[in-house]
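> Going line by line, the protein sequences match chains A and B. Heads up: the first sequence is residues 16 to 427, going by my numbering. Heads up: the second sequence is residues 16 to 427, going by my numbering.
Hint data in this document are derived by calculation from the structure and do not stem from the laboratory. Each hint should be verified, as a subset may be incorrect.
Given that identical chains are not distinguished, each listed pair holds provided it fits within a single copy or across any two copies.
[As the list claims (entries may be wrong)] Cross-link-like lysine-lysine pairs, in silico, DSBU-like; alpha carbons within 35 Å at most: (1) K184 x K394; (2) K404 x K17; (3) K159 x K94; (4) K394 x K94; (5) K353 x K145; (6) K184 x K404; (7) K184 x K408; (8) K408 x K93; (9) K404 x K380; (10) K94 x K257; (11) K287 x K94; (12) K184 x K17; (13) K353 x K408; (14) K223 x K257; (15) K184 x K145.
Protein chains: 2
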Amino acid sequence: MKVHLMTVGDEILIGQIVDTNSSWMARQLNLAGARITGICSVSDDEAGIEHALADALWQADAVLMTGGLGPTKDDITKKTLAQFFGMPLEFHQPTYDRILRFFERLGRTTTEGHRRQCFMPVGATLLHNKMGTAPGMWFEKDGKIVVSMPGVPYEMEYLMEYEVIPRLKRFFPGFPIAHRTILTAGEGESKIAERLESLEDELPPHIKLAYLPNLGQVRLRLSGSQPDGEALERELDAYAQKVQERLGALVFGFETDRLEAAVGRLLQAQGKKLVTAESCTGGYLAHLITSVPGSSSYFKGSVIAYSNEVKMKQLRVNPQTLETYGAVSEQTVAEMVKGALELLEADVAVAVSGIAGPGGGSPEKPVGTIWMAVGDREKVLTRRIYAGKDRLKNIEYSASHALNFVRQFLEQ
Amino acid sequence: MKVHLMTVGDEILIGQIVDTNSSWMARQLNLAGARITGICSVSDDEAGIEHALADALWQADAVLMTGGLGPTKDDITKKTLAQFFGMPLEFHQPTYDRILRFFERLGRTTTEGHRRQCFMPVGATLLHNKMGTAPGMWFEKDGKIVVSMPGVPYEMEYLMEYEVIPRLKRFFPGFPIAHRTILTAGEGESKIAERLESLEDELPPHIKLAYLPNLGQVRLRLSGSQPDGEALERELDAYAQKVQERLGALVFGFETDRLEAAVGRLLQAQGKKLVTAESCTGGYLAHLITSVPGSSSYFKGSVIAYSNEVKMKQLRVNPQTLETYGAVSEQTVAEMVKGALELLEADVAVAVSGIAGPGGGSPEKPVGTIWMAVGDREKVLTRRIYAGKDRLKNIEYSASHALNFVRQFLEQ
Numbered sequence: 016m017k018v019h020l021m022t023v024g025d026e027i028l029i030g031q032i033v034d035t036n037s038s039w040m041a042r043q044l045n046l047a048g049a050r051i052t053g054i055c056s057v058s059d060d061e062a063g064i065e066h067a068l069a070d071a072l073w074q075a076d077a078v079l080m081t082g083g084l085g086p087t088k089d090d091i092t093k094k095t096l097a098q099f100f101g102m103p104l105e106f107h108q109p110t111y112d113r114i115l116r117f118f119e120r121l122g123r124t125t126t127e128g129h130r131r132q133c134f135m136p137v138g139a140t141l142l143h144n145k146m147g148t149a150p151g152m153w154f155e156k157d158g159k160i161v162v163s164m165p166g167v168p169y170e171m172e173y174l175m176e177y178e179v180i181p182r183l184k185r186f187f188p189g190f191p192i193a194h195r196t197i198l199t200a201g202e203g204e205s206k207i208a209e210r211l212e213s214l215e216d217e218l219p220p221h222i223k224l225a226y227l228p229n230l231g232q233v234r235l236r237l238s239g240s241q242p243d244g245e246a247l248e249r250e251l252d253a254y255a256q257k258v259q260e261r262l263g264a265l266v267f268g269f270e271t272d273r274l275e276a277a278v279g280r281l282l283q284a285q286g287k288k289l290v291t292a293e294s295c296t297g298g299y300l301a302h303l304i305t306s307v308p309g310s311s312s313y314f315k316g317s318v319i320a321y322s323n324e325v326k327m328k329q330l331r332v333n334p335q336t337l338e339t340y341g342a343v344s345e346q347t348v349a350e351m352v353k354g355a356l357e358l359l360e361a362d363v364a365v366a367v368s369g370i371a372g373p374g375g376g377s378p379e380k381p382v383g384t385i386w387m388a389v390g391d392r393e394k395v396l397t398r399r400i401y402a403g404k405d406r407l408k409n410i411e412y413s414a415s416h417a418l419n420f421v422r423q424f425l426e427q
Numbered sequence: 016m017k018v019h020l021m022t023v024g025d026e027i028l029i030g031q032i033v034d035t036n037s038s039w040m041a042r043q044l045n046l047a048g049a050r051i052t053g054i055c056s057v058s059d060d061e062a063g064i065e066h067a068l069a070d071a072l073w074q075a076d077a078v079l080m081t082g083g084l085g086p087t088k089d090d091i092t093k094k095t096l097a098q099f100f101g102m103p104l105e106f107h108q109p110t111y112d113r114i115l116r117f118f119e120r121l122g123r124t125t126t127e128g129h130r131r132q133c134f135m136p137v138g139a140t141l142l143h144n145k146m147g148t149a150p151g152m153w154f155e156k157d158g159k160i161v162v163s164m165p166g167v168p169y170e171m172e173y174l175m176e177y178e179v180i181p182r183l184k185r186f187f188p189g190f191p192i193a194h195r196t197i198l199t200a201g202e203g204e205s206k207i208a209e210r211l212e213s214l215e216d217e218l219p220p221h222i223k224l225a226y227l228p229n230l231g232q233v234r235l236r237l238s239g240s241q242p243d244g245e246a247l248e249r250e251l252d253a254y255a256q257k258v259q260e261r262l263g264a265l266v267f268g269f270e271t272d273r274l275e276a277a278v279g280r281l282l283q284a285q286g287k288k289l290v291t292a293e294s295c296t297g298g299y300l301a302h303l304i305t306s307v308p309g310s311s312s313y314f315k316g317s318v319i320a321y322s323n324e325v326k327m328k329q330l331r332v333n334p335q336t337l338e339t340y341g342a343v344s345e346q347t348v349a350e351m352v353k354g355a356l357e358l359l360e361a362d363v364a365v366a367v368s369g370i371a372g373p374g375g376g377s378p379e380k381p382v383g384t385i386w387m388a389v390g391d392r393e394k395v396l397t398r399r400i401y402a403g404k405d406r407l408k409n410i411e412y413s414a415s416h417a418l419n420f421v422r423q424f425l426e427q
């Protein structure tokens with residue numbers, strides 16, 4: 016199936032936001048076996064939307080639109096679509112009832128704008144949007160499909176996953192495509208490519224391997240397509256296993272798994288409680304850990320010691336250590352681990368202290384210098400890494416690295 | 016001048032990379048007085064590029080293309096453009112000499128691909144690319160312009176700044192465009208729209224107002240265009256001020272400001288130190304605060320009390336309180352604030368405890384129930400909100416709300 020993506024809204028055309036929706040959608044649709052014929056962004060303007068829609072329908076079997084469905088005046092996508100398909104707009108009581116209940120639960124009241132939002136094109140299928148007030152709309156005409164979704168990323172993602180992609184697959188059945196994703200942490204893309212070189216040469220033409228690196232992790236994706244779906248699944252399983260054998264302990268999971276969830280499983284299996292002591296990551300490491308449902312069963316808490324005072328008073332870092340070696344040092348992170356184990360009565364602790372930037376660098380310790388330590392009551396391991404110059408990236412990269420350090424410690 | 020942006024390359028259509036070039040270009044072009052009629056991404060495919068180019072030229076005065084100019088085989092933009100404009104390709108010695116010198120300086124040798132790259136459409140103006148090997152190309156036809164640039168961001172940015180934008184300004188002297196963005200937190204889109212309704216009706220046709228909501232914050236954007244640029248700036252300033260007057264304390268900043276930075280400025284101005292005591296947000300609130308450069312001057316740290324034990328032992332929450340009212344209660348968050356102020360010796364503390372989900376909900380306290388408190392040594396304010404059902408959204412929404420609560424507390 017050929018799919019065209021269209022975003023509606025001036026905020027993209029004036030460069031105020033980056034269109035990350037299209038990228039996410041393209042990735043999911045590719046996984047579902049679709050080919051994207053093009054991506055376009057158009058203004059909140061009737062003539063422009065109509066022109067782009069006609070052009071997109073000429074190129075593709077389905078056009079997926081996002082944006083322009085909110086309760087305020089600048090949203091005209093729905094009106095334009097109703098016109099385009101020659102459908103009248105009618106007030107839709109069930110949608111209004113749903114919005115009323117939604118707001119009641121939040122303890123808030125609705126406005127006239129919400130009522131206006133409930134006029135729907137008669138003949139379109141409404142797609143239930145569990146994440147917000149505006150439903151998606153599904154139009155069929157001459158064997159082609161147009162879908163309109165809200166532009167809010169998590170609303171669009173929900174609709175795509177539970178409504179749009181399953182319907183598209185039923186509407187346009189095709190050649191099976193399948194994937195296996197192997198998740199690694201601890202080595203860069205080129206090192207991994209070296210270890211997989213001869214295996215890549217072995218791959219048959221209908222199976223491909225892609226490298227998707229991000230912040231200290233590399234996802235490896237095997238994709239294949241051939242008429243016999245079951246044979247394809249068996250082939251992919253076999254190659255995924257070979258990749259895993261070659262990479263050994265670098266592999267922490269598969270498919271949509273996350274490093275923080277892998278660490279959680281290890282802690283749970285070993286019956287251990289983790290705590291963090293964070294300086295430069297400022298809580299981001301704890302956030303990653305607690306973003307996993309059920310993390311309260313193995314994560315007790317953290318001390319975010321952004322000031323040296325908190326490092327000394329709470330984590331019992333020796334003032335002499337801070338004076339002699341500085342807050343960003345092997346000695347300090349090791350004492351942070353010991354202090355956190357003691358204070359929060361945990362089995363394993365991880366500590367991070369570094370210079371996230373943009374300020375605070377020096378010739379000996381430039382911006383991006385990060386010390387981290389992991390330990391229990393018996394031993395403490397330390398490690399230094401050099402991240403980059405961008406503050407937010409440094410925080411994310413250090414946290415990802417520290418998580419992997421915990422994983423390695425637990426796997427020993 | 017009306018400008019259309021086009022990116023060429025499959026890596027965007029399969030969702031492997033996000034198109035950040037178009038966003039950057041749109042922003043710069045808007046500042047230069049251009050209106051973007053649309054943005055599109057097309058495949059490395061002759062027919063597709065020609066079709067999109069014809070369509071873009073029909074809509075706009077100038078089409079700026081990026082991508083598809085490298086030395087590898089799948090790059091066919093140049094060939095397609097030469098065909099489109101009926102220009103023969105000829106070997107261009109000066110470009111080849113420049114590439115040879117460039118590689119000599121790097122101590123590397125060129126390949127056959129680099130020679131192929133030096134065939135240029137006769138009649139196009141070559142734009143000097145100081146950052147790489149492929150020059151930009153400028154085509155003129157029937158009073159319209161097509162520009163082709165490499166897709167590498169810093170090469171494109173160099174060409175845009177020093178070659179393309181100055182030429183476009185000379186070619187299409189025209190109408191300035193300007194924007195004002197007003198940032199709010201604390202009310203939803205529809206409530207704000209109600210308060211601005213009569214002001215929206217007052218707006219002249221050349222000024223528009225757009226609503227951009229996200230996680231408890233709404234950005235309001237005024238955009239305008241008219242011949243007299245200075246008059247336009249004055250008009251926008253006047254309307255931005257009116258918006259601000261109507262919305263009062265909902266407004267926390269302008270343009271690209273962030274709520275966490277606004278809170279930081281208030282703390283700095285009042286000479287106060289902030290700490291957080293987090294349960295369900297698990298460090299995300301501290302992460303937002305410490306994502307601001309220089310936050311160490313007003314942020315001391317946090318206790319992430321994920322377990323009740325840490326709430327009791329570190330934050331001195333009374334076991335009786337936890338027993339009687341539960342961890343997600345007004346009483347608990349109030350005691351967490353007092354405990355954090357004491358323990359971390361701060362001036363202001365904020366505490367959050369809630370049920371992020373998916374587990375842990377009950378009929379009286381469903382998933383999404385969040386209690387928060389803000390206080391100093393004199394008083395503690397509390398508030399309950401209901402977020403949604405998605406764990407990560409609940410964490411982000413609670414943290415954003417808590418930040419705004421701190422702002423309101425400091426502004427009293």
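> Each hint: holds or not?
Hints, one by one, checked against the model:
1. Taking the closest pair of Cα atoms, K184 and K394 never come within 35 Å of each other, the shortest separation being 53 Å inside a single copy and 58 Å across copies.
2. Taking the closest pair of Cα atoms, K404 and K17 come within 35 Å of each other only across two copies (34 Å); inside a single copy the shortest separation is 41 Å, beyond that limit.
3. Both within a single protomer and between protomers do K159 and K94 lie at most 35 Å apart by alpha-carbon distance, with minima of 20 Å and 33 Å respectively.
4. Taking the shortest Cα distances, K394 and K94 never come within 35 Å of each other, neither inside one copy (66 Å) nor across copies (51 Å).
5. Taking the shortest alpha-carbon separations for K353 and K145, neither the intra-copy value of 45 Å nor the inter-copy value of 38 Å comes in at or below 35 Å.
6. Only between protomers do K184 and K404 lie at most 35 Å apart by alpha-carbon distance; the minimum there is 27 Å, versus 44 Å within a single protomer.
7. When the C-alpha separation of K184 and K408 is checked against a cutoff of 35 Å, the pair qualifies only between copies, where the shortest distance is 28 Å, while the shortest distance within a copy is 37 Å.
8. Proximity of K408 to K93 under the C-alpha cut-off of 35 Å is restricted to the inter-copy arrangement: shortest distance 27 Å between copies versus 39 Å within a copy.
9. When the C-alpha separation of K404 and K380 is checked against a cutoff of 35 Å, the pair qualifies only within one copy, where the shortest distance is 12 Å, while the shortest distance between copies is 44 Å.
10. Taking identical chains as interchangeable, the C-alpha atoms of K94 and K257 lie at most 35 Å apart only when they sit on different chains, with a minimum of 30 Å there against 53 Å within one chain.
11. Taking the closest pair of Cα atoms, K287 and K94 never come within 35 Å of each other, the shortest separation being 57 Å inside a single copy and 51 Å across copies.
12. In the homo-oligomer, the alpha carbons of K184 and K17 lie at most 35 Å apart inside one protomer (12 Å), although the nearest pairing across protomers, at 39 Å, exceeds that limit.
13. Within a single copy, K353 and K408 get their C-alpha atoms as close as 27 Å, and across copies as close as 34 Å, so both meet the 35 Å cut-off.
14. In this assembly of identical chains, K223 and K257 lie within 35 Å of each other by CA distance solely inside one copy; the values are 14 Å within and 58 Å between copies.
15. In the homo-oligomer, the alpha carbons of K184 and K145 lie at most 35 Å apart inside one protomer (21 Å), although the nearest pairing across protomers, at 47 Å, exceeds that limit.
Hint violations for this structure: numbers 1, 4, 5, 11, all remaining hints satisfied.
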